[in-house]
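Go ahead and model the full structure; you've got the sequences and the hints to work with.
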Amino acid sequence: MLKQPVSAGDRTITELTVAELTGQQASHVQRHPDFASALRLQAPVWDAFIAMQAAARADGIELAIASAFRDFDRQLAIWNRKYLGHAPLYDEQGQLLNTEQLSCGERVAAIMTWSALPGASRHHWGTDCDVYDPRWFEQQQQPLQLIAAEYQHGGPCYDAALWLQQHASDFGFHLPYARYQGGVAAEPWHLSYSQLAAPAAGQLTTELLQQVLVASELAGKDFVLAQLAELKQRYIDQVCGPNEDGDAVWFG
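Just so we're aligned, residue 242 is where the sequence shown starts under this note's numbering, counting upward by one.
Don't read these hints as lab results, they were simulated from the structure.
Worth double-checking, as some hints may not be accurate.
Said to hold, decoys possible - Calculated pairs, EDC-like style, for lysine to aspartate or glutamate (alpha carbon to alpha carbon, straight line, at most 16 angstroms):
hint, residue 1, residue 2
1, K462, E448
2, K462, E347
3, K473, E448
Unchecked claim - Cβ pair distances, simulated, as ranges:
hint, residue 1, residue 2, range
4, A467, L403, 35 to 43 angstroms
5, Q407, Q468, 22 to 30 angstroms
6, H394, R322, 29 to 37 angstroms
7, D288, L449, 26 to 34 angstroms
8, C345, L449, 36 to 44 angstroms
Where is the CB? At the ideal position from N, CA and C, for every residue including glycine.
In structure tokens, the structure reads:
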């Protein structure tokens, strides 16, 4: 599939191929010499993040990227580990669930509250990244968990979260999971580069996602395919827009 140009404001943006959109190819993303080699984003997203990072530093905030592009196979591995009970599941408030007591539908819902369906992750697009303030973790030699407590009042990333809520839009980013809306849990660490993410979201149809999942080794695939339209609406399409971050009410 050839990439097609689409209009976005005062610039031309190239559509992702189906393989790029669903994380099966990484030809649209690149590494940056100043960041860990595992991190990949689209070139304009790198430029915007570096400018934002510098502005945050001037305000006494350090920003680092915990996760950027994630391919289909990695997302599939996360999904299957959770579905098969090899990784914990949590509710929208971050409370641990008893996996053995969950039905198939409840298990899928619990996974999608915190982890995207393979092929539908915004991290596939190279437009989204998870960010944090690394200083406390480096001093305490403790790993980042990307949990609510780290970004709430008193947490090591609280000041960074407030700064992002106020300033991320100045650099073209927004928080798609600024608040819980009945689908994905609130994620104050998840940033999306709006100008490139919006066209990608528009490309991802239920039919396209179904074709990708049919050919996959997804655990619980029969249930997911049967409920795909509803799952897509609730957990993939239902996000906060670029102009909604100011009204964010996290974790509830």
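Right, here's what the structure says about each hint:
1. K462 with E448: holds, 15 angstroms
2. K462 with E347: Roughly 14 angstroms separates the two Cα atoms, so the pair holds.
3. K473 with E448: holds, 11 angstroms
4. A467 with L403: 35 to 43 angstroms: holds, 42 angstroms
5. Q407 with Q468: 22 to 30 angstroms: Hint violated: Cβ distance 38 angstroms, outside 22 to 30 angstroms.
6. H394 with R322: 29 to 37 angstroms: Given about 32 angstroms between the Cβ atoms, the range holds.
7. D288 with L449: 26 to 34 angstroms: Holds: the Cβ-Cβ distance is about 29 angstroms, inside 26 to 34 angstroms.
8. C345 with L449: 36 to 44 angstroms: This hint is violated: roughly 24 angstroms between Cβ atoms.
Of the numbered hints listed earlier, those contradicted by the structure are 5 and 8.
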